[in-house]
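*Asks:* If you want the building blocks of each chain, they are given just below.
Number of protein chains: 2
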Amino acid sequence: MLNNRGYLSEKTIKKVHDAMESLNYQPNAVARQLYKKETKLVGLIFPTVDNPFFGQLVAELEKRLFDAGFKVLIGNSMNDPEKEETYLKELISNQVDGLIVGAQNKDISEYHTSNLPVVAIDRVMNEDIPVIASDNYMGGKLATELLINSGAKHIISTHGPINLKTPANRRVEAYADVMASYNLVPHTYIVDFSWDFEKKRQAIEAMFSKYPEMDGIFATNDMDAALVWQTATKLGYNIPDDLKIVGYDGSNITRVLLPELTTIVQPVELMAERAVTTLISRIKGDDTPLEQIIPVKVWRGESV
Amino acid sequence: MLNNRGYLSEKTIKKVHDAMESLNYQPNAVARQLYKKETKLVGLIFPTVDNPFFGQLVAELEKRLFDAGFKVLIGNSMNDPEKEETYLKELISNQVDGLIVGAQNKDISEYHTSNLPVVAIDRVMNEDIPVIASDNYMGGKLATELLINSGAKHIISTHGPINLKTPANRRVEAYADVMASYNLVPHTYIVDFSWDFEKKRQAIEAMFSKYPEMDGIFATNDMDAALVWQTATKLGYNIPDDLKIVGYDGSNITRVLLPELTTIVQPVELMAERAVTTLISRIKGDDTPLEQIIPVKVWRGESV
Numbered sequence: 001m002l003n004n005r006g007y008l009s010e011k012t013i014k015k016v017h018d019a020m021e022s023l024n025y026q027p028n029a030v031a032r033q034l035y036k037k038e039t040k041l042v043g044l045i046f047p048t049v050d051n052p053f054f055g056q057l058v059a060e061l062e063k064r065l066f067d068a069g070f071k072v073l074i075g076n077s078m079n080d081p082e083k084e085e086t087y088l089k090e091l092i093s094n095q096v097d098g099l100i101v102g103a104q105n106k107d108i109s110e111y112h113t114s115n116l117p118v119v120a121i122d123r124v125m126n127e128d129i130p131v132i133a134s135d136n137y138m139g140g141k142l143a144t145e146l147l148i149n150s151g152a153k154h155i156i157s158t159h160g161p162i163n164l165k166t167p168a169n170r171r172v173e174a175y176a177d178v179m180a181s182y183n184l185v186p187h188t189y190i191v192d193f194s195w196d197f198e199k200k201r202q203a204i205e206a207m208f209s210k211y212p213e214m215d216g217i218f219a220t221n222d223m224d225a226a227l228v229w230q231t232a233t234k235l236g237y238n239i240p241d242d243l244k245i246v247g248y249d250g251s252n253i254t255r256v257l258l259p260e261l262t263t264i265v266q267p268v269e270l271m272a273e274r275a276v277t278t279l280i281s282r283i284k285g286d287d288t289p290l291e292q293i294i295p296v297k298v299w300r301g302e303s304v
Numbered sequence: 001m002l003n004n005r006g007y008l009s010e011k012t013i014k015k016v017h018d019a020m021e022s023l024n025y026q027p028n029a030v031a032r033q034l035y036k037k038e039t040k041l042v043g044l045i046f047p048t049v050d051n052p053f054f055g056q057l058v059a060e061l062e063k064r065l066f067d068a069g070f071k072v073l074i075g076n077s078m079n080d081p082e083k084e085e086t087y088l089k090e091l092i093s094n095q096v097d098g099l100i101v102g103a104q105n106k107d108i109s110e111y112h113t114s115n116l117p118v119v120a121i122d123r124v125m126n127e128d129i130p131v132i133a134s135d136n137y138m139g140g141k142l143a144t145e146l147l148i149n150s151g152a153k154h155i156i157s158t159h160g161p162i163n164l165k166t167p168a169n170r171r172v173e174a175y176a177d178v179m180a181s182y183n184l185v186p187h188t189y190i191v192d193f194s195w196d197f198e199k200k201r202q203a204i205e206a207m208f209s210k211y212p213e214m215d216g217i218f219a220t221n222d223m224d225a226a227l228v229w230q231t232a233t234k235l236g237y238n239i240p241d242d243l244k245i246v247g248y249d250g251s252n253i254t255r256v257l258l259p260e261l262t263t264i265v266q267p268v269e270l271m272a273e274r275a276v277t278t279l280i281s282r283i284k285g286d287d288t289p290l291e292q293i294i295p296v297k298v299w300r301g302e303s304v
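Those protein sequences? They're chains U and C, same order as listed.
So for the first sequence, full-length UniProt numbering puts the first residue at 1; every next one is plus one.
So for the second sequence, full-length UniProt numbering puts the first residue at 1; every next one is plus one.
Worth flagging that the hints you see were computed from the coordinates, not collected in a lab.
Mixed in with the good hints there might be a few duds.
When chains are identical, the list treats them as one kind, so a pair holds in a single copy or across two.
Below, simulated PhoX-like cross-link-like pairs (lysine-lysine); rule was C-alpha separation at most 20 Å, straight line [said to hold, decoys possible]: (1) K153 x K83; (2) K40 x K83; (3) K89 x K40; (4) K83 x K63; (5) K284 x K153; (6) K234 x K210; (7) K165 x K83; (8) K210 x K40; (9) K89 x K63.
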């Protein structure tokens with residue numbers, strides 16, 4: 001079924017098309033699809049748009065795909081591998097022209113068996129699929145140096161499960177490298193992206209109990225950084241005097257709602273731009289670079 | 001073209017289907033579409049997912065549509081009537097089974113001429129299209145009373161252009177009614193949703209110049225409330241002593257990033273639930289209520 005993109009014989013297709021012409025019907029999208037084998041549909045699979053970073057990213061992707069003549073099918077996989085697999089099967093069966101994927105599940109075989117053009121954002125899939133990522137190593141380095149240079153010594157890095165193959169793991173690698181270079185001991189702590197806020201709050205409270213000497217946090221995303229800030233305030237910490245916090249993402253929404261948070265800004269517009277142009281090149285059959293790394297910036301708030 | 005949903009003769013369709021069967025091809029989505037005249041696709045048209053309220057709403061809609069077996073096409077109209085019209089034409093031509101619309105443009109004729117099942121969220125379209133809305137009048141009343149009861153007298157209500165036909169206008173009506181009942185003078189001030197943050201900031205700064213006696217603000221959404229808060233702080237106001245602020249929406253993201261903001265919480269999950277069940281009833285051809293109003297709640301922060 002996966003390779004059925006040309007499953008009707010040319011003869012049958014021609015017959016349908018001739019019938020349409022003789023009846024003077026305007027071909028609609030479905031008919032065009034059968035005839036030209038292109039749908040002008042692109043599928044986006046991301047964890048959820050109920051998040052400042054992914055909401056902005058999907059909006060930026062959609063805007064550029066619209067301008068390029070594509071409509072957008074979305075699937076919020078919420079990092080559930082079964083859901084991602086279902087989306088993928090359905091999108092392939094709906095004959096999308098290509099996919100942009102930023103969900104972070106383990107290997108899903110359909111990505112390998114389908115001939116569909118795919119571009120990944122911040123996710124390593126297989127050797128054939130181009131990846132667009134912000135400079136995660138530099139982001140992790142900048143964040144850790146900001147914390148150390150403002151006096152923090154007992155710094156914890158929160159992150160998602162490390163067994164996910166994502167370039168975002170380089171943030172943690174950079175954190176560990178910088179900590180080591182200052183003779184400081186790195187500690188990582190898991191706050192899973194797919195947990196709800198209540199479960200995240202509990203995990204963060206447990207982190208404060210586990211590391212009472214903690215005076216710096218590098219949070220892997222701004223929502224987690226905000227939850228850390230709230231927990232710290234509840235426990236009587238002053239930010240940044242008692243605890244310094246650096247987040248990650250720096251999306252539009254976060255910079256309006258919580259501009260006080262110092263954070264690493266991902267270049268969302270540029271990532272979207274590159275993802276769309278790379279996908280269009282793939283659809284045309286052109287060669288594209290297999291990895292594109294885009295620089296990050298620091299947003300200086302008041303949390304370090 | 002709009003009414004071409006059954007444009008192939010039954011004979012032609014049968015011929016295609018027989019050919020497929022004799023060749024033992026599994027029908028894919030495109031073929032099913034021609035045969036059954038259903039696509040299991042639903043289109044969502046909203047201003048943008050780069051906003052805490054619409055991001056959560058689209059995520060909640062998508063989750064429920066997925067569970068009901070539908071895939072989701074999105075269009076971020078950014079309140080641009082031309083873009084909305086283009087989306088609409090393309091979605092109709094892609095043969096979606098139905099639409100859920102929350103964009104807020106003026107009359108677009110395709111909604112009237114198409115036979116497509118449509119459900120509106122917080123938008124009045126025409127008499128045939130069911131509307132799901134939170135209790136905007138109650139929300140406006142609660143917000144204004146919160147401000148007055150905490151001592152504000154010179155209260156401004158910010159809102160989008162009032163000529164849009166949206167139930168959200170009832171927030172401003174309630175504000176005016178409550179102000180009048182306390183013998184206070186209502187003042188409304190336009191902050192257009194589609195402006196970028198820079199333009200919004202400028203408009204808000206101009207509002208502070210225009211109303212120097214202002215001691216309360218009812219903002220029509222939380223992003224605007226956050227911008228008001230930042231401008232006020234920059235100008236040396238203490239919140240809530242010098243200026244009291246109440247927002248609107250109370251989405252997941254806002255309550256994590258800016259829990260200090262007192263705001264009216266829209267029942268997003270319930271609105272999504274009702275919109276999806278209403279759309280499915282419409283697709284089946286069942287009768288549905290033309291207006292469903294869902295209660296709001298107050299989130300008590302520290303801004304009044």
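*Asks:* Each hint: holds or not?
*Replies:* Hints versus structure:
In this homomeric assembly, K153 and K83 never come within 20 Å of each other (Cα to Cα): the closest approach is 41 Å inside a single copy and 52 Å across copies. Only between protomers do K40 and K83 lie at most 20 Å apart by alpha-carbon distance; the minimum there is 17 Å, versus 24 Å within a single protomer. For a Cα distance limit of 20 Å, the shortest separation of K89 from K40 qualifies both inside one copy, at 18 Å, and across copies, at 14 Å. For the homomeric pair K83 and K63, the shortest alpha-carbon distance between copies (10 Å) is at most 20 Å, but the shortest distance inside one copy (25 Å) is not.
For the homomeric pair K284 and K153, neither the shortest alpha-carbon distance inside one copy (52 Å) nor that between copies (63 Å) is at most 20 Å. With identical chains, the CA atoms of K234 and K210 are at most 20 Å apart within one copy only, with a shortest distance of 17 Å there and 38 Å across copies. With identical chains, the CA atoms of K165 and K83 are at most 20 Å apart within one copy only, with a shortest distance of 18 Å there and 38 Å across copies. Within a single copy, K210 and K40 get their C-alpha atoms no closer than 52 Å, and across copies no closer than 49 Å, so neither meets the 20 Å cut-off.
Within a single copy, K89 and K63 get their C-alpha atoms only as close as 25 Å, which misses the 20 Å cut-off; across copies the closest is 17 Å, which meets it.
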